[in-house]
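Peer 1: Those protein sequences? They're chains V and W, same order as listed. Numbered by my numbering, the letters in the first sequence go through residues 1 to 365 in order. Numbered by my numbering, the letters in the second sequence go through residues 1 to 319 in order.
Calculated from the structure, these hints are not laboratory results. Please read all numbers here as calculations on a predicted model, not as lab measurements. Please note that the accuracy of each hint is not assured.
To be verified - To list a few chain V residues with every Cβ distance to chain W over 10 Å, as calculated:
#1 V10
#2 D71
#3 P72
#4 Y87
#5 F98
#6 D165
#7 G260
What the hints assert, rightly or not - Here's a subset of chain W near chain V, in silico, CB distances under 7 Å, partners left out:
#8 D208
#9 R212
#10 K215
#11 V216
#12 G218
#13 A219
#14 I297
What the hints assert, rightly or not - Okay, the calculated bits of chain V under chain W, using three or more residues with CB under 8 Å as the criterion:
#15 73-79
#16 194-207
Beta carbons: idealized from backbone N, C-alpha and C, even for Gly.
Read off the chains here:
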Amino acid sequence: MAHVVLKDLVKTYGNFKAVNDVSLTVNDGEFVALVGPSGCGKTTTLNLVAGLTPITSGDIVIGDRVVNDLDPKDRDIAMVFQNYALYPQKSVYMNLAFPLQMRKLPRDEIDKKVKEAARVLDMTHLLERKPRELSGGQQQRVALGRALVRDPAVFLMDEPLSNLDAKLRVQMRSEIKRFHQDLKATIIYVTHDQLEAVTMADKMAVMNGGFLQQYDSPAQVFAHPVNMFVASFIGSPAMSLIPLEISTANGGTVLTSAEGWSLGLSPRNVQKVTKATTKKVVLGARHSTIKLHKSAVPGSIPAKVYTVEPTGDVTFVQAFLSGAIVNVSVPPNIAVTPDERIWLEFDQERMHLFDGETEMALEAS
Amino acid sequence: MTIVTGKAEARRKLQPGRSGVLRNIWAHRADYAYVLPAIAVMLVVIAYPIYYTIELSFYKTPPGLQLRDKTFIGFDNYTTILTSEVFWKVTWNTLVWTFGSTFISFVLGFATALALHRDFIGRGVLRAILIIPWVISAVAASYIWKWIYHSDFGIIGAVLVGLGLTDRPPNFIDNVSTVLPSLIVVNIWREFPFAMIMMMAGLQTVPDQLLRAAKVDGANAWQRFWHVTFPHLRNVSVVTILLLAVANFNSFIIPWIMTAGGPSNASHIWITHIYELAFGRQRWGVASAYSVLLFLILMTLGYFYVRALSGNERKEGGA
Ligand SMILES: Nc1ncnc2c1ncn2[C@@H]1O[C@H](COP(=O)(O)OP(=O)(O)OP(=O)(O)O)[C@@H](O)[C@H]1O
Ligand SMILES: [Mg+2]
């Protein structure tokens, strides 16, 4: 196993920067999830690490070697592809044996390793089958096995579960997690499903438009998103973002809405908004941190219900507030109806404040 | 609309245990009525000639006499053919011609397809140039090559003499031992672009992800070709080879225009031989018997062609 370092990594296609100055370190044995919306450069980044795409500038270190100019086969990596990329004409056994054959291992050693991998992944009975005779989950396991037999320094996985149905995805998710724990493998895992990232990864790297936005543990990314993009991308339903303005009332700092209401701030939050570059501030709040009241209470703000989505455990209420839609979760026994007038109370401790101009999170020093 | 009705009707009428081809046809009579005109036309333009050829092959047709003066001679035409020396000579020529042209055209076409598959400057132009032999008329090509090969004015001869490799221009197509290879060269020149196009289309369907997986697995360029590209192209290769083989077996224009089978039958293949027997020497009976044999051989090839095609579908459907 080995650590991986990306330093100022850039990949351009013509004038278009698909990967823009990405720097991050994956420690030995760490599971890192690369997340971001479609087209943000996740696959490109992974291909750069794999050596399938030449880098424009920057450095990639795997173990203690700079691998910028090495062929994929010399980088000591294994890759799992989105569509599994199994060799259709070869049996499962030959699929697993292929990377070892290419490395000219002796036949009996290949046999031993293939059988061992098949045992670990519980597919000894499938060895003679062709890929097309396997289910999606089984194919996925073969793809994993083909990476596993090699005992590489780093595993690279590009959306390996996206072709599976929801149930199988949950099952394979825990299998991959086990696989990581048992092998203490270094894994870089691309996904656009943030739930996958949050549940499996030690750290997540959030990308957008080729830029690395935030690189931290899922809990940290969730609790302290560095900017509005990360805030709205991580978490489901998405964090509500309400554009407001700073003003003073009765000698204190408050946030006012174009709708006329204003929201008082705790001293700590006042400290935060003083850092804003302009008067524009965006208030962020996750659904679980907002309280819904049927009548006005001190500090609450009037809103109007837009939709109600009961899911069984919780009911999600969407409300219009200052031109934005706010998600609130309430216990299922609370009955609200669309167009009903409600009052929302924000948790001063757990609210997020962003600079309306730079979209960066505002922090108390 | 009516076809749908026909089917629904068929479903209603087909009681379990009361089936049978005729009953089935009757139940689908509306459907059959629609294809009846097409079947009638096909009977006239395809089935009848085939029948007439088979019939003629059992008759002696004296040259210079009316066809109605023919006399029934059973399998005599077939024995005449199978015991004649020319038959074996022509069959051998046909095999050399068919397999030589098919094999080399395929390999050459595949190789060019692979070369043109990579990106380089001028690829489009080169591809267009390479397709030219296939799109120009075979008749024109034959005359052009006749001149290229010409023993007095041919460019190949002139170049060879100019380089001092030979004293006299070689005689390509008036020589018993070089005529067939020379014609095969022309044929290959004309048809390898077809193989090239087929294989280029096939190459575009090789999944990129598989090639990249093989790269990560440590396969070099040759191994990637052998383990990924080539297996993927198996079906398109089979189809291409069969189409080439059938076309070559049926070749007429190039050998007929360039040499008409000569010198001394050295470049006669089945088709040109049949043509000469029938329309040159009016030996309709023998020519028909030849045609029947040819028909049987081509049907066999056709069977494999259809099987290769439907095998393809089965696999895709199962994947
Ligand atoms: N070969 C290429 N030539 C030009 N542009 C490319 C090429 N490959 C990728 N791109 C561009 O680079 C950007 C990043 O692509 P990439 O495949 O890394 O996205 P991604 O994050 O993996 O998205 P997805 O979640 O949809 O897989 C995209 O805008 C894409 O259009
Ligand atoms: Mg991708």
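Peer 1: Take the hints in turn and mark each one as holding or not.
Peer 2: Going down the list of hints, with the structure as the test:
Against the 10 Å criterion, V:V10 stays outside the reach of chain W, whose nearest CB is about 21 Å from its own CB. At roughly 8 Å from the closest C-beta of chain W, the C-beta of V:D71 falls inside 10 Å, breaking its exclusion from the interface. Residue placement check: V:P72 does not keep its beta carbon more than 10 Å from all beta carbons of chain W (closest about 5 Å). The Cβ of V:Y87 sits about 7 Å from the closest Cβ of chain W, inside the 10 Å cut-off, so the non-interface label is violated.
With a cut of 10 Å on Cβ distances, V:F98 falls inside the contact zone with chain W, its closest approach being about 6 Å. Residue-level check passed: V:D165 sits 18 Å from the nearest beta carbon of chain W, beyond 10 Å. Distance check for V:G260 against chain W: the nearest CB is about 56 Å away, which clears 10 Å, and the non-interface claim stands. With a cut of 7 Å, the hint placing W:D208 at the interface with chain V is violated, because the nearest CB-to-CB distance is about 9 Å.
Satisfaction of the interface hint for W:R212 is found here, the shortest Cβ-Cβ separation to chain V being roughly 5 Å, below the 7 Å cut-off. Satisfaction of the interface hint for W:K215 is found here, the shortest Cβ-Cβ separation to chain V being roughly 5 Å, below the 7 Å cut-off. A hinted interface residue such as W:V216 counts as satisfied when its beta carbon comes closer than 7 Å to some beta carbon of chain V; here the least separation is about 5 Å, so the hint holds. Given hint, W:G218 at the interface with chain V, holds; its Cβ is 4 Å from that chain's nearest Cβ, closer than 7 Å.
A hinted interface residue such as W:A219 counts as satisfied when its beta carbon comes closer than 7 Å to some beta carbon of chain V; here the least separation is about 5 Å, so the hint holds. Against a cut-off of 7 Å between C-beta atoms, the interface hint on W:I297 is violated, since the closest Cβ of chain V lies about 31 Å away. Counting residues of the stretch 73-79 of chain V whose C-beta sits closer than 8 Å to any C-beta of chain W gives 4, which meets the bar of three, so the coverage hint holds. With 0 residues having a beta carbon nearer than 8 Å to a beta carbon of chain W, the stretch 194-207 of chain V misses the requirement of three or more and the stated coverage is violated.
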